[in-house]
Amino acid sequence: MTDRFDVGAYWSNLTNAEKRLTMAMSVLVFGLVIALLTGALGASYFLFLFGLGGMYALLSLGLNSQWGFTGLINFSVAAFFGIGAYGAALMTGSNSPIAGGFNPIFGLAIGLVLAAIVAVAIGIPTLRLRADYLAIATLGLAEVLRLVLQNERQWTNGSAGIRGIPSFFDGWPLLGEFPQWMPGLEIAIVPGSPVILGTPFWRQLLNVTLLLGFLGAAFLILRRAQRSPWGRLQRTIRADEDLAKALGKNTYSYKMQAFVLGSLIMALAGVFYAHLNLFVNPGDLDPITTFYVWVAVILGGSGSNRGALLGGFVVVAIREGSRFANDISWLPLDAAPLRLLMIGLLIILVMRFRPQGILPPQRELIWPSAIGREAPSRPDRGVPQSNGGETDE
Amino acid sequence: MSVIEFAANGVVYSSIIVLGSIGLAIIYSIAGFANFAHGDTMTVGGYAAFVAFGAIGGLGATVLALPVGFFVALLVGIAVAAAVAIITEKIVYEPLDIGSIGLLITSIGVAFVYRALIQLGFGAGRNQFDIPAQRPIEELIAYGVRVTPHDLAIVISAVVLVVGVHVLLQYTDLGRKMRAMADNPDLARASGIRTHRIKLWSWVLGAGLAGAGGAFLGLYNALTPRVGFSVLLVIFAAVILGGIGSVYGAMLGGFLIGMVVEMTPLLSRVGIPIGVDYGPAVAFVIMVVVLLVRPTGIAGDGTAGGEGI
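From first to last, the protein sequence lines stand for chains A and B. Here the first sequence is numbered in this note's numbering, starting from 1 and rising by one per residue. Here the second sequence is numbered in this note's numbering, starting from 1001 and rising by one per residue.
Keep in mind the hints are simulated off the structure, nothing from the lab. Heads up, some of the hints might be wrong.
Beta-carbon label-pair distances, calculated as ranges [said to hold, decoys possible]:
{"id": "1", "chain 1": "A", "residue 1": "Lys245", "chain 2": "B", "residue 2": "Gly1144", "range": "53 to 61 Å"}
{"id": "2", "chain 1": "B", "residue 1": "Gly1057", "chain 2": "A", "residue 2": "Ile318", "range": "35 to 43 Å"}
{"id": "3", "chain 1": "A", "residue 1": "Asp286", "chain 2": "B", "residue 2": "Ala1222", "range": "19 to 27 Å"}
{"id": "4", "chain 1": "B", "residue 1": "Gly1164", "chain 2": "A", "residue 2": "Val113", "range": "50 to 58 Å"}
{"id": "5", "chain 1": "B", "residue 1": "Gly1144", "chain 2": "A", "residue 2": "Gly158", "range": "31 to 39 Å"}
{"id": "6", "chain 1": "B", "residue 1": "Tyr1171", "chain 2": "A", "residue 2": "Leu345", "range": "40 to 48 Å"}
{"id": "7", "chain 1": "A", "residue 1": "Val120", "chain 2": "B", "residue 2": "Gly1057", "range": "55 to 63 Å"}
Pulled from the structure, derived: some chain A residues nowhere near chain B, Cβ distances all over 12 Å [claimed, not checked]:
{"id": "8", "residue": "Asn13"}
{"id": "9", "residue": "Ile117"}
{"id": "10", "residue": "Gly161"}
{"id": "11", "residue": "Pro179"}
{"id": "12", "residue": "Ile221"}
Virtual Cβ for every residue (Gly too), placed ideally from N, Cα, C.
All chains, full assembly: derive it from the sequences and hints.
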């Protein structure tokens, strides 16, 4: 009888992929802690990277609810990200040509409402299309939106972008002043190189808190939705849309719901980005952003929310890690093409060797309580529903 | 600028788009997926021609103000693009055991690898053929048309290539087999056609045409690592307008979309204030309308699959 809090049993319940991943993550976390304590990695920069990773994870969750669960090929991730970011920036930024100076909550609302409207407007013509047409049409949409943001200077400042975006909690009663009145801390674990935690650190800590709030909310909502009858129907549509239609379901309406839900989560990531980076410009809507998120989803495992979280952080590791290529002077390499090369190779290699991703969906498809604890057919070990298929180990 | 001048520019731009569209349509109908690496295949051909031209240089005589060496370089561009496509098919696409959507996603990875390698080799900046720019042809200015001899060379070369594709498809054994395979791959295999070999030839043909288009993009404006990707959406719009998988549809669609993109500034004369930057956006809008109203395109035969060359 396995118990939920029995570590040994939990461990033996994991698939081989999960075991290896857990071990790799432990090593990585240990390394990061060492780097932070010795001052090799600045604490506030680490939190910034963590925020960026979480932002990509959020985008991946959004795409996952469209592609991973419903099978909608959306190549306009960058567009919805941009709508969220510009929605927030135009409402709050100091050089916003439209409004500016509003409370970030207002920007959040505008970003989400705009994303929902655009998602419905895009969904109406495109969701009836065949899968590959949808891919082309959504990529086109993203390019059109980028062109508009770049050319309509009177509304968007064009390529100059929008500056002076406050951080999300500015003006809040207690949290607004939090980074200023928190004292600077000096932690000297390794003699000679103390770790200093000042105002930037506390500001990033607030950002990370906000992110964890967004991420947690999205994760829980998606998990709840995807384990419900609604989620089962979405997976049916992905597997065989004609079957879902034959069962009398209005698949168009369900696809629209999944499309809007995913787009809202992407816009949420955009809002977070505006307040993390404090500057947005049309370059943020470059198609490469879309494909970063695609890499995150297919690498993590299409349809797997845990995989999307993992993929988000891997992508940031690639994106930020390639910056160091410029520091290695004997390698005559430029960071931008190197990043592109790694993303491209990663897509090809994943599709070739592990198209189901690192963490394919398993436990997430069904409520644990739905499997009777005393069910007679229950195997002694392994996850009852879909572990049997792991033959590639 | 007069309407006729916009139209003349449109014909030149269309010639390039048509070359890209035919290749994309061939690969769509034979290899069976929307190849997102097609634009970057054009870039590969363009840079290969650029390097070849740098190596062989002028070669004495000139045709339409272009040294003969340019046409040799053009052939090199075609050959390199075709070779790169064959290598990609062999090491990337062929071992894959996934559906057309998986191939589509993989082709994005391929596109990034092409573009990244070009950018690593040549930098992100502009590269131009070392050929002096030409003044518009005097005789045509009288008619209000300003085209350079280079523009004329692009149009004539494209026409030659398009006619070549037509002859190949209609009058050669390979062409008949390709049409048979595009129509029904299973039936083609059952009747003894080595479909695998035909697929390789379709990559050669499609990528070769893309390579030529890339070289002309470089002559038309300049080469950058993104030059092919920037026309990819326009090419997709052209292929969808023509009816996905139909080569003759792609010729017509490429011509129409190329004209529309170049004539977009005319819209501001009828009260729609959008500049030339929005050319691709207009192409995209046309594409969505086509998908809504007639998803099989102009040359589509009514079956939603849009098969057949």
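Taking the hints in turn, this is what the structure says about them:
1. Lys245(A) <-> Gly1144(B): 53 to 61 Å: holds, 56 Å
2. Gly1057(B) <-> Ile318(A): 35 to 43 Å: holds, 41 Å
3. Asp286(A) <-> Ala1222(B): 19 to 27 Å: With a Cβ separation near 20 Å, aspartate 286(A) and alanine 1222(B) satisfy 19 to 27 Å, so the hint holds.
4. Gly1164(B) <-> Val113(A): 50 to 58 Å: holds, 54 Å
5. Gly1144(B) <-> Gly158(A): 31 to 39 Å: About 34 Å separates the Cβ atoms of glycine 1144(B) and glycine 158(A), which means 31 to 39 Å holds.
6. Tyr1171(B) <-> Leu345(A): 40 to 48 Å: holds, 42 Å
7. Val120(A) <-> Gly1057(B): 55 to 63 Å: About 58 Å separates the Cβ atoms of valine 120(A) and glycine 1057(B), which means 55 to 63 Å holds.
8. Asn13: Given that every Cβ of chain B is farther than 12 Å from that of asparagine 13(A), nearest at about 30 Å, it holds.
9. Ile117: holds, 17 Å
10. Gly161: Given a closest Cβ separation of 17 Å, the condition holds.
11. Pro179: At roughly 38 Å from the nearest Cβ of chain B, proline 179(A) sits farther out than 12 Å, so the non-interface label holds.
12. Ile221: At roughly 27 Å from the nearest Cβ of chain B, isoleucine 221(A) sits farther out than 12 Å, so the non-interface label holds.
In this structure, none of the earlier numbered hints is contradicted; all agree with it.
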